[in-house]
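Those sequence lines, one after another, are chains Z and G.
Mind the numbering: the first sequence is residues 1107 to 1216 in our numbering, read in order.
Mind the numbering: the second sequence is residues 24 to 135 in our numbering, read in order.
Just to be clear, a hint being listed does not mean it is correct.
[Unchecked claim] Between beta-carbon pairs, the in silico distance windows are:
1) G:Thr40 x Z:Pro1175: 24 to 34 Å
2) Z:Asn1163 x G:Lys134: 18 to 28 Å
3) G:Pro41 x Z:Lys1159: 45 to 55 Å
4) Z:Asn1163 x G:Gln25: 16 to 26 Å
5) G:Gly121 x Z:Thr1113: 22 to 32 Å
6) Z:Gly1202 x G:Lys92: 19 to 29 Å
[Claimed, not checked] Covered stretches of chain Z (in silico footprint by chain G; criterion: 3 or more residues with CB under 8 Å from a CB of chain G, positions within the stretch not fixed):
7) 1121–1133
8) 1143–1152
9) 1177–1191
10) 1208–1215
Derived by calculation from the structure, the hints in this document are not laboratory data.
Quick reminder that beta carbons are idealized off the backbone N, C-alpha and C, glycines included.
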Amino acid sequence: DTEVTQTPKHLVMGMTNKKSLKCEQHMGHRAMYWYKQKAKKPPELMFVYSYEKLSINESVPSRFSPECPNSSLLNLHLHALQPEDSALYLCTHRRGDTQYFGPGTRLTVL
Amino acid sequence: AQSVTQLDSHVSVSEGTPVLLRCNYSSSYSPSLFWYVQHPNKGLQLLLKYTSAATLVKGINGFEAEFKKSETSFHLTKPSAHMSDAAEYFCALYNQGGKLIFGQGTELSVKP
Chain Z
1107 DTEVTQTPKH LVMGMTNKKS LKCEQHMGHR AMYWYKQKAK KPPELMFVYS
1157 YEKLSINESV PSRFSPECPN SSLLNLHLHA LQPEDSALYL CTHRRGDTQY
1207 FGPGTRLTVL
Chain G
24 AQSVTQLDSH VSVSEGTPVL LRCNYSSSYS PSLFWYVQHP NKGLQLLLKY
74 TSAATLVKGI NGFEAEFKKS ETSFHLTKPS AHMSDAAEYF CALYNQGGKL
124 IFGQGTELSV KP
């Protein structure tokens, strides 16, 4: 089983709101990723956590704040987003060279 | 630099006919290559992967892909398309820095 769960499935927020996306996996894999995906485009890497430490930040604006409180959980805190941040946000965990994707959170910023 | 090129942005086939989705890669070493499928408003599902054990790789749902080093290609095929195969398909290469390098995607349409 390679399951990744993401909550919520859908999120609508205003530009002044603060919200969080959650990702969970129980495979014990120590590399976890956040991606942003626009319609009809490939996923774009945002952050990588390895052993609960941030190892890659792809120059993501500070209004996105990742957190990895333990080896099973990955959060993405959102604050003061812009309408152009509306997208599908995908979480993955990696075993060896293979990444397994969660179902995503569809975010709409009004 | 490594890269992945999907040669068709859109492919349309009739149900029951073969599917061919083309992917070329560029890498200075023998890469790990992947095909993912994405249905509307869903995450990416791993179809198959190549990691140098065998050049012909079988995946889920009747898909397979052949790694051809001389042509730097990793094309995805299926003998007979089904309506449920209609989706976006992404070819990807694993970067030794821990990243996936994606192609731009191919949208597969299946006509009844």
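Hints versus structure:
At roughly 50 Å, the beta carbons of Thr40 of chain G and Pro1175 of chain Z sit outside the given window of 24 to 34 Å. Restraint check, Asn1163 of chain Z to Lys134 of chain G: a C-beta distance of roughly 44 Å breaks the suggested window 18 to 28 Å. Taking the beta carbon of each, Pro41 of chain G and Lys1159 of chain Z are about 47 Å apart, inside 45 to 55 Å as hinted. Checking the proposed 16 to 26 Å range against Asn1163 of chain Z and Gln25 of chain G shows it holds: the Cβ atoms sit about 20 Å from each other.
Taken as a hint, the range 22 to 32 Å holds for the pair Gly121 of chain G and Thr1113 of chain Z, whose Cβ atoms sit roughly 25 Å apart. The supplied range of 19 to 29 Å is met by Gly1202 of chain Z and Lys92 of chain G, whose beta-carbon atoms lie about 21 Å from each other. Against chain G, the stretch 1121–1133 of chain Z contributes 0 residues with a C-beta closer than 8 Å to a partner C-beta. That does not satisfy the three-residue criterion, and the hint is violated. Requiring three or more residues with a Cβ within less than 8 Å of a Cβ of chain G, the coverage given for the stretch 1143–1152 of chain Z holds, as 5 such residues are present.
Under a criterion of three residues with beta carbons nearer than 8 Å to beta carbons of chain G, the stated coverage of the stretch 1177–1191 of chain Z fails, only 0 such residues being counted. Given a C-beta distance limit of less than 8 Å, the hint that chain G covers the stretch 1208–1215 of chain Z holds, as 4 residues qualify and 3 suffice.
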